[in-house]
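Trainee: Those protein sequences? They're chains A and B, same order as listed.
Mapped onto our numbering, the consecutive letters of the first sequence carry residue numbers 4 to 244.
Mapped onto our numbering, the consecutive letters of the second sequence carry residue numbers 4 to 244.
It is possible that some hints are incorrect.
Pairs count within a copy or across copies, as identical chains cannot be separated in the list.
[Claimed, not checked] Here are the simulated lysine-lysine pairs, DSBU-like style, with alpha carbons at most 30 Å apart: (1) K128 <-> K187; (2) K60 <-> K187; (3) K30 <-> K152; (4) K119 <-> K187; (5) K187 <-> K30; (6) K30 <-> K182; (7) K88 <-> K30; (8) K122 <-> K187; (9) K60 <-> K192; (10) K192 <-> K182; (11) K128 <-> K88; (12) K119 <-> K60; (13) K152 <-> K88; (14) K88 <-> K122; (15) K60 <-> K152; (16) K182 <-> K60; (17) K30 <-> K192; (18) K187 <-> K88.
Note that these hints are calculated values from the structure, not bench results.
Protein chains: 2
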Amino acid sequence: MEIFYSADIYGNSSLRLGPEESQHCAKVLRKRVGDAIDVIDGEGALYHCTVVNDSPKGVEANINEVVNNWHSHPYNLTLAVCPTKNNDRYEWFAEKATEFGTDCFVPVIGEHSERKVFKTERLRKIVLSATKQSLKARLAEVREPLSVKEFIRETAVADAVKLIAYCFEEEGAPRRSIKAELAKRASDKIIVLIGPEGDFSREEAAMAMEAGYVPVHIGDSRLRTETAGIAAASAVYFEYL
Amino acid sequence: MEIFYSADIYGNSSLRLGPEESQHCAKVLRKRVGDAIDVIDGEGALYHCTVVNDSPKGVEANINEVVNNWHSHPYNLTLAVCPTKNNDRYEWFAEKATEFGTDCFVPVIGEHSERKVFKTERLRKIVLSATKQSLKARLAEVREPLSVKEFIRETAVADAVKLIAYCFEEEGAPRRSIKAELAKRASDKIIVLIGPEGDFSREEAAMAMEAGYVPVHIGDSRLRTETAGIAAASAVYFEYL
Chain A
4 MEIFYSADIY GNSSLRLGPE ESQHCAKVLR KRVGDAIDVI DGEGALYHCT VVNDSPKGVE
64 ANINEVVNNW HSHPYNLTLA VCPTKNNDRY EWFAEKATEF GTDCFVPVIG EHSERKVFKT
124 ERLRKIVLSA TKQSLKARLA EVREPLSVKE FIRETAVADA VKLIAYCFEE EGAPRRSIKA
184 ELAKRASDKI IVLIGPEGDF SREEAAMAME AGYVPVHIGD SRLRTETAGI AAASAVYFEY
244 L
Chain B
4 MEIFYSADIY GNSSLRLGPE ESQHCAKVLR KRVGDAIDVI DGEGALYHCT VVNDSPKGVE
64 ANINEVVNNW HSHPYNLTLA VCPTKNNDRY EWFAEKATEF GTDCFVPVIG EHSERKVFKT
124 ERLRKIVLSA TKQSLKARLA EVREPLSVKE FIRETAVADA VKLIAYCFEE EGAPRRSIKA
184 ELAKRASDKI IVLIGPEGDF SREEAAMAME AGYVPVHIGD SRLRTETAGI AAASAVYFEY
244 L
């Protein structure tokens, strides 16, 4: 099943694909006027359509049927993960987390982050591609990078299950497993904060706790940053399975 | 923490690193006579050692202390996963599954597999590297490829929780989730069989069921082959968390 994405949907009657999707649809897959195509709006709906203009510059289609909340997941997950030194690893994480089901990616920059700059454009493409490939209609948001502290400040009042995974054991603050914390959740809105290779600073961890984040561990294995991100996505996925 | 691997351990008294590990130890990390190094045997033990010969051609060390079952996991997991078209994806899967904890990788070739040939040498290196990086002492076995049917035949009498994940719904054989099946396991020896992009053939699936494999699904998301492999590894990991 091949899925296209469109940001230009006119009511429930017709839509238009953007340049890249039009190219792929008309040129690569050679869809012609009268052919059926399936299009997502990135907001959760799938549209069964018929092509009415097969120009590679802008494919247009009439909408025959709308399926709302197509293959949606029963939670809302924000993964705020510090960028890895190697960019590939972050892209893999985002692809896999998208397949499991993630609603928002936040590249947060920690005080111990080696990588302080992060380009979101490529990540958006990867997330879109994984969304279509894994047959989802809702496209995860990829936010512009911000500091760990800014993100904590911003989410301090958020009504969500807020978890922070770090490596050091804080005195007097024993961590429970992410699985145990998810099992006793009071909300289906979940935020998981995962630090860089060099871990969070003590100050960041203290600030997170102050803001209502619960410290968790992701088991006994020492997981790489991107693996911890994938583990968080799969822990939530399996919790709702 | 930097870990080395040695296959040449003489009793509990001394050991020798192979060519690559010696090079890394003596040349890259510049370990000298008298320096402390940590070495795994790939069988589950960690050795705290002192270098007595720092030649890059063959580092030798005396063993001061042995830690058995170092960072071991409480299950035995075999992942028999069909190679992906793109080799990178399989390598990523093996790296991540090693971080979670896997005991044996079996590249099985299905009737619908596009890739019929698979080289294990590179995968062994990746698994060793991920084992050391994630601080484990037991090295997962990477078997030579064999057909799905051969593997099923071989494991027909195995006393293990045997699960097969495939996409089609067999008539009269509704699948339960991998999580539910793991929860009611009768053994800590677990085998998960995951098919190629083109799924198992009906004949392979029937043969697996005949051999005691229980059909499972890995949730509502359509996961790529390598993501299904990672999901299986993380499902087992979280089941024991």
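Trainee: When the hints from earlier in the document are held up against this structure, which numbers fail?
Mentor: 1, 2, 3, 4, 5, 6, 8, 9, 12, 15, 16, 17, 18
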